[in-house]
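Protein chains: 4
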Amino acid sequence: MSIKNMGEPKRIGILTSGGDCSGLNAVIRAVVNCAVDTYGWEVLGIRQATLGLMARPPQFTKLEIDQVDSLLTAGGTMLGTTNKGDPFAFPMTDGSLCDRSEEIIAGYHELGLDALIGIGGDGSLAILRRLAQQGGINLVGIPKTIDNDIGVTEHAIGFDTAVNIATEALDRLHFTAASHSRVMILEVMGRDAGHIAIAAGIAGGANVILIPEIPYTVEHICHKIKERQEKGKNYCLIIVSEAVRTHDGENVTITNRLGQSRYGGIGEYLADKIIEHIGVETRVTVLGHIQRGGTASPLDRLVATAFGVAAVNLIAEDKYDRMVTWQNRQVLSVPITEAIAQYSAVDPNGTLVKTAHGMGIYLGD
Amino acid sequence: MSIKNMGEPKRIGILTSGGDCSGLNAVIRAVVNCAVDTYGWEVLGIRQATLGLMARPPQFTKLEIDQVDSLLTAGGTMLGTTNKGDPFAFPMTDGSLCDRSEEIIAGYHELGLDALIGIGGDGSLAILRRLAQQGGINLVGIPKTIDNDIGVTEHAIGFDTAVNIATEALDRLHFTAASHSRVMILEVMGRDAGHIAIAAGIAGGANVILIPEIPYTVEHICHKIKERQEKGKNYCLIIVSEAVRTHDGENVTITNRLGQSRYGGIGEYLADKIIEHIGVETRVTVLGHIQRGGTASPLDRLVATAFGVAAVNLIAEDKYDRMVTWQNRQVLSVPITEAIAQYSAVDPNGTLVKTAHGMGIYLGD
Amino acid sequence: MSIKNMGEPKRIGILTSGGDCSGLNAVIRAVVNCAVDTYGWEVLGIRQATLGLMARPPQFTKLEIDQVDSLLTAGGTMLGTTNKGDPFAFPMTDGSLCDRSEEIIAGYHELGLDALIGIGGDGSLAILRRLAQQGGINLVGIPKTIDNDIGVTEHAIGFDTAVNIATEALDRLHFTAASHSRVMILEVMGRDAGHIAIAAGIAGGANVILIPEIPYTVEHICHKIKERQEKGKNYCLIIVSEAVRTHDGENVTITNRLGQSRYGGIGEYLADKIIEHIGVETRVTVLGHIQRGGTASPLDRLVATAFGVAAVNLIAEDKYDRMVTWQNRQVLSVPITEAIAQYSAVDPNGTLVKTAHGMGIYLGD
Amino acid sequence: MSIKNMGEPKRIGILTSGGDCSGLNAVIRAVVNCAVDTYGWEVLGIRQATLGLMARPPQFTKLEIDQVDSLLTAGGTMLGTTNKGDPFAFPMTDGSLCDRSEEIIAGYHELGLDALIGIGGDGSLAILRRLAQQGGINLVGIPKTIDNDIGVTEHAIGFDTAVNIATEALDRLHFTAASHSRVMILEVMGRDAGHIAIAAGIAGGANVILIPEIPYTVEHICHKIKERQEKGKNYCLIIVSEAVRTHDGENVTITNRLGQSRYGGIGEYLADKIIEHIGVETRVTVLGHIQRGGTASPLDRLVATAFGVAAVNLIAEDKYDRMVTWQNRQVLSVPITEAIAQYSAVDPNGTLVKTAHGMGIYLGD
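Protein chains in written order, with full-length UniProt numbering: chain A, 1 to 365; chain B, 1 to 365; chain C, 1 to 365; chain D, 1 to 365.
Hints in this document: simulated from the structure, not taken from any laboratory.
One or more hints might be untrue.
[Unchecked claim] Listed next, the stretches of chain A that the computed footprint assigns to chain B, with coverage defined by at least 3 CB atoms under 8 Å from CB atoms of chain B:
#1 72-82
#2 164-173
#3 179-189
[Said to hold, decoys possible] The calculated label-pair distances, taken between Cβ atoms and stated as ranges, are:
#4 B:E276 <-> A:T217: 37 to 43 Å
#5 D:T217 <-> C:Q229: 35 to 41 Å
#6 A:P57 <-> B:N328: 45 to 51 Å
#7 B:Q229 <-> C:D37: 53 to 59 Å
#8 C:D37 <-> B:T217: 55 to 61 Å
Bear in mind the structure is a predicted one, so any value in this text is a computation, not a measurement.
Glycine included, C-beta positions come from ideal geometry on N, C-alpha and C.
Using the sequences and the accompanying hints, generate a full structural model.
Now the structure itself:
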């Protein structure tokens, strides 16, 4: 049953890329436990995603068991991360964009790495793969994203925790909404996909769920609020994905970050319109970065640990250019190209949409 | 040991007034258990604070044990509440203000109440007392406020839960701040008092705590951020009370609600100034109504239950015009006038300020 | 998009059977919301599993939306349940066994039910199906079991919450074990399957995981403890499934319930043997019924809600003798016979076993 | 506002003694932050309570800010602890008892310590004080004990977290008890004091609370169970302190540890008696070491941090032989002798007992 002493000792790198989330440290812990303790390899933790390989000298820390021992319950990533700076068009201080891919590739080789484990979402994995193809990097990918928009895996690291936090927020808003007879709007993350909103919305008992995949009207939202009032329910819980657009098609949350909208985000827009239409007291909560942090849920920790071990096992078998996936409580792997290709939005004909309809939740037309 | 069969059977009313918080339902449950089951009295739950007594017929529900059985873990208040509408200057639909105090007093007598338990903050209790004095209402007060600004009680219902939720938010932001080398600002409630901010700030490991009681400068905040960077800590956690003012003395959160500020709140103002001064990536989370909701903490439930029983016991002894208090894990009571008079802000020479200083936290000058 | 007004109005029954778990109330809530509000049907909640149909008159409550509104976060089952009394061999007060199946079938018809939703594990579903076949009951099954041993569904209701609670217990024991240099043993439920133990063990960082599917030796456990001590880790976390047997093949937990073992359970046996072999201070925690209770996790609530809606939709389509399943975040359905046939133990060659090996966890030989 | 540069630089020691609990690491973190960063002193963390000073060379670790940075949310104590081995009668390997106090005192002086911060319960603090008096140790005490039995402080570190965990267990048992119509008994810690049981019992809605301070009869417990059944409540929640004795005055939990009782603990005894008397299905959960572990509650973290800073401030003022206390949200200090002298059991005439009576809870006669 022992899997020790397979093949030559290796030196592998690991980096976390893109927005942080819960469970990244659990992956790092698993990789180090499996690679160092079980296989007897060396693991270098690359700092700040690809920036650590771009730096001269490369920025890294040699990871030992003792360092990762307490990481299971720690949120975030001990290696740091960044979601800025495409290395193929890297923003220079003078404002110009510069292809710095060769510096990263050189960093990989300078460290004498046999393989690299890259933990990221689809964007990060696409960049890492391009670097790998260009520079002979033996890459294994691990999917993480609270957005859960990578189609080939049932579960990306961080999603379950983010849904838990959003659901807990709805649980709390439910009580205060009912006490004050208010409409409560919760704006959650998820980028272009409504996975967090629809999962937390159903689990948390929202009455209205708005996701980018399904158009809505303010009139229908107001109708729902009034309909509930007629049944003696003087409050309404609305959960909305950050990328839901206004009636005029504006992505308020994004434009607001650029300073161009009069609204702080789509939640604020909706509150304004509801008050304008029917004058019901409405409050907005933007959950924000709380969704990314915190101790990972047991499921995220389980999947993260299984992914970390599986990624090391792939390297032991010299299988590269693949990403691990979670399907039916088993880890499999697919070519990274396939992983990148299958973007997954909420399926308008899928189970969760049907469930929302069956529950009488308004989620668009 | 039995306390049953004391005196004549009574009919008492109970109402919750002002902003909702966790633990109100636990009080209601305790009052019903003690009054109905132990004393054999009748309890009428008045709906929507004093609005329920103002309405004709008065809006209430007769409360039985079975109804309150599951209330221990329920946030909010099953009776509803409102923090609008001073009955002595009640906003009428035509915009005028009208003294409607006599209607409320008439409602109390119309219901044949022997006494009224009013759960509220200092504002609500002041109004209830004025009504009681004017109209012969036998009033017992129970302090609740997440702001914990009632000086005569160590603990008002809802405060512990609010601190827990704010601390949990800091715990989560800590990880994502460190992962992305960011400044994270958490804006919390508390009205004019910094109790939530300083308690959660210390418990949650904030590096900067800003409260209305102590002036600060943006320069010193930025100095703290830089000082941490020099020690290799590329992130900073800031917690700020909603009522903290800008450098120019503006209460941004309040003015913003009135639509007059360019900032969404003090957190946004600070982020803007930090970026302007030192260009460090900064994110803001406004915790909002999440702080009010949710299952009450065991301490809030314990105090709420003890307050509910003690209030009923006061009525059994015909002791009125008093508010229950929590001191050294015991319930006492004081005249409501005394309770209203002692507003409690954070003591600049108190333990928590000293603790923050000892921990090297910046909390103003 | 409306699914209202499909077919004739129906009257359906719902019952929960077998050991309780978190998420049952969320199913009941979903069934009532979908059947009553969306389809306009009537829903009768049968009390105490099949006992409610066996009683004369049948024991039930007509379920309305208002009754189930707050059930989303309530653990257990509002209908009550029992895991005693096979109706085909029902224990009578005189000690004899009696076939009372016809009484249950008569109860179903007496209530004029068009269909019955039965929520249970494989044992309960097998009994319900036999009743359905015998007596013309239109049955739809929903899988629930913290043991997660129903092979055709990725997820049975209650499992995720049970794993969360067991993981949280490990998190807590971890700290106290390390502080006192102790071996800590956590005994968890799961009947004949090790799913809870292996999932929580990996997610919670156990060093030894013992499941019924894989044999172990006390010597190897002690070796693991010593090996850790040599690396400076003076503590060890062991998680063990209740059905793991002693070295002599005794199922201590079961025999103990019958009063025949000198040990309170397998955890106590292991502690005794570890102390006997190597004299290391060892403590046991038997998690017990805490695993069954509590607010369901968001995932359990999501699946429960999706199952409830899907079961009602199956009835709307007059599809019976089927059980809903969860696969890749979608609800499907299979014949109940198929569901009962596929018992799922932990796969000794599956992902979780490989993960445990890769992490250096001892989980048997 | 700066409190830096007060007096001469010092070298201080810190140790944790007795049973571990949540919040110890938060004290260590606070002491290091305040002493090292604010005062510029040196802090030596002594390993395994006084055993670290008894060892030659003394076992310690020099504590730096970076080491304690992540301790705020970590349960247990990074220094290790022990509740065995009174140094004045230390158990030697040959079974004899030996006074080893001088070795500990010598260890203190060998390390060149100016002062020692000892974190412990009343037993540990009594021993530490005796050592201090005998050997010229400048001692400052910090109270910690989940039992909360130190009379001079409203709050000892670890108590709030233990109550939270016990309350959460009751919340969970409540649902499963109601679903299965069972009596559920929860056995909690607390040694000779019933503080955890009565606080968690009230906060968690127990129907029967048994504490060592108040005698009970099995008949009255059974009467309560029957009384509830008559009101349609077919379940009952009982919380019992570990030191509650049997009807015959036996302390089952203690004798059981010594292998002399037929019961695993008082919970098991009660279950046996209830079944014997009235035949109601009864289950027992022994919460065990879970109560000690886990992330400290915000209140425990707040108090722990305030205590750590205050202890360092006392040393800065050369005030020794004192223990810090928490009173009305402020830290004070008292002579250690006074702290040891005031043992605090649950007051049979105090608020919590009155509250339990008012709620109709049976807690003895």
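The hints, checked one at a time:
1. 72-82: Contact hint for the stretch 72-82 of chain A vs chain B: holds, 7 residues under 8 Å.
2. 164-173: With 6 residues in contact (Cβ-Cβ under 8 Å with chain B), the coverage given for the stretch 164-173 of chain A holds.
3. 179-189: holds (count 4)
4. B:E276 <-> A:T217: 37 to 43 Å: holds, 40 Å
5. D:T217 <-> C:Q229: 35 to 41 Å: For T217 (chain D) and Q229 (chain C) the Cβ distance comes to about 48 Å; the hint is violated.
6. A:P57 <-> B:N328: 45 to 51 Å: Violated - the Cβ-Cβ distance for P57 (chain A) and N328 (chain B), about 60 Å, lies outside 45 to 51 Å.
7. B:Q229 <-> C:D37: 53 to 59 Å: Because 56 Å falls inside the window, the suggested range holds.
8. C:D37 <-> B:T217: 55 to 61 Å: Cβ of D37 (chain C) to Cβ of T217 (chain B): about 57 Å, so the range 55 to 61 Å holds.
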